[in-house]
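Colleague: Chains as they are written, first to last, in this note's numbering: chain A, 77 to 169; chain B, 2 to 204.
In short, the hints are calculated from the structure, not lab data. For every residue, glycine included, the Cβ atom is placed at its ideal position computed from N, Cα and C. Mixed in with the good hints, there may be bad ones.
DEER-style ranges, computed between Cβ atoms [claimed, not checked]:
1) 112(A) / 148(B): 22 to 32 angstroms
2) 113(A) / 55(B): 38 to 48 angstroms
3) 106(A) / 79(B): 35 to 45 angstroms
4) 103(A) / 56(B): 22 to 32 angstroms
5) 82(B) / 104(A): 43 to 53 angstroms
6) 77(B) / 104(A): 36 to 46 angstroms
7) 123(A) / 146(B): 25 to 35 angstroms
8) 20(B) / 104(A): 12 to 22 angstroms
9) 104(A) / 81(B): 46 to 56 angstroms
10) 59(B) / 105(A): 25 to 35 angstroms
11) 128(A) / 145(B): 20 to 30 angstroms
12) 153(B) / 109(A): 45 to 55 angstroms
13) 168(B) / 105(A): 20 to 30 angstroms
This is what each chain is made of:
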Amino acid sequence: MGKGDEKDPPLRADARTHGGEPATGKGAAADGMMDRWFQQQLRHLYNDVVNEPLPHEFLEDSRKNSEPEARNLIGRRRRPLAFPTLVPRVVTR
Amino acid sequence: MTTTELTTSSNVIEADLIACIPHLRAFARFLTGNRERADDLVQDAVVRALTAAHQFQPGTNLKAWIFTILRNLYYNEIRKNRVKLQSIDEMAIDEPAMPATQEASLEFGDFRRAFWQLGEDQREVLILVGASGLSYEEAAKVCNCPTGTIKSRVSRARRELIKTLQEGSLAQKRGDTAPASLELADPLGAMLLERKLAANNKG
């Protein structure tokens, strides 16, 4: 999985149809331009964080904490898991 | 499930989890508005996912699965501790510095400020659907609500954000000398033009 390289989601068209009447002619072109600008800014915002380097030992800490003997501890804060059995299942088509 | 099977599923998931971590960090950052808290949350979510790797259903979306774990952890934490939310000004400190041109930076800076003025649920759906690439259906599962709710939240968030941008633009216009007709003809175009003018004036 690359960083910030997913397909464009169907945000624009659906957002507009929920927002009101569909635009036509020049209005539609302006909406299209606005959609692209909006998507670009949103991606920029997100990718700025996605592309940040991971903190040192980030993964190591996670691995260590997932070892059986550490499962009742979380991170450096050493507090018990709030809901040890609450793990959701997500099914996609 | 045997211990061997548990270990195998955990190893298979671990590689995919690592690839998801940057996205997980971004989602956590936009939920919490705080770098350290977001990283703590990501670590907790990764630990939880590795521990419960055997519960993941192969063929389903791992990113949506771990986003759901992180979101549940976050809201559980909020409910339990009543964690104080940061102000918008504090959040801005955690955001990365912007490169690019002055004009683009001005536009993006406005967008970012307007984004942080949205409600938590609106920020969340924009990030899930608009930026992280989840479908409406996947986002609905992450947020544990109907798909229609996600669609309306996205729509509302988008309108709110654009309204905030336009209001910001209008407020600035009242102090500047930009022609009022621009606002009526094309509000966003007017805003962008004003940014360009402001950039030129500063330059």
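Colleague: All hints, please: hold or fail.
Modeller: Results of checking the hints against the structure:
1. 112(A) / 148(B): 22 to 32 angstroms: holds, 24 angstroms
2. 113(A) / 55(B): 38 to 48 angstroms: Holds: the Cβ-Cβ distance is about 44 angstroms, inside 38 to 48 angstroms.
3. 106(A) / 79(B): 35 to 45 angstroms: holds, 39 angstroms
4. 103(A) / 56(B): 22 to 32 angstroms: violated, 49 angstroms
5. 82(B) / 104(A): 43 to 53 angstroms: Given range 43 to 53 angstroms: holds, Cβ gap about 48 angstroms.
6. 77(B) / 104(A): 36 to 46 angstroms: holds, 44 angstroms
7. 123(A) / 146(B): 25 to 35 angstroms: holds, 26 angstroms
8. 20(B) / 104(A): 12 to 22 angstroms: Because 38 angstroms falls outside the window, the suggested range is violated.
9. 104(A) / 81(B): 46 to 56 angstroms: holds, 48 angstroms
10. 59(B) / 105(A): 25 to 35 angstroms: violated, 44 angstroms
11. 128(A) / 145(B): 20 to 30 angstroms: holds, 28 angstroms
12. 153(B) / 109(A): 45 to 55 angstroms: violated, 24 angstroms
13. 168(B) / 105(A): 20 to 30 angstroms: holds, 24 angstroms
Against the hints set out earlier in the document, violations occur for numbers 4, 8, 10, 12.
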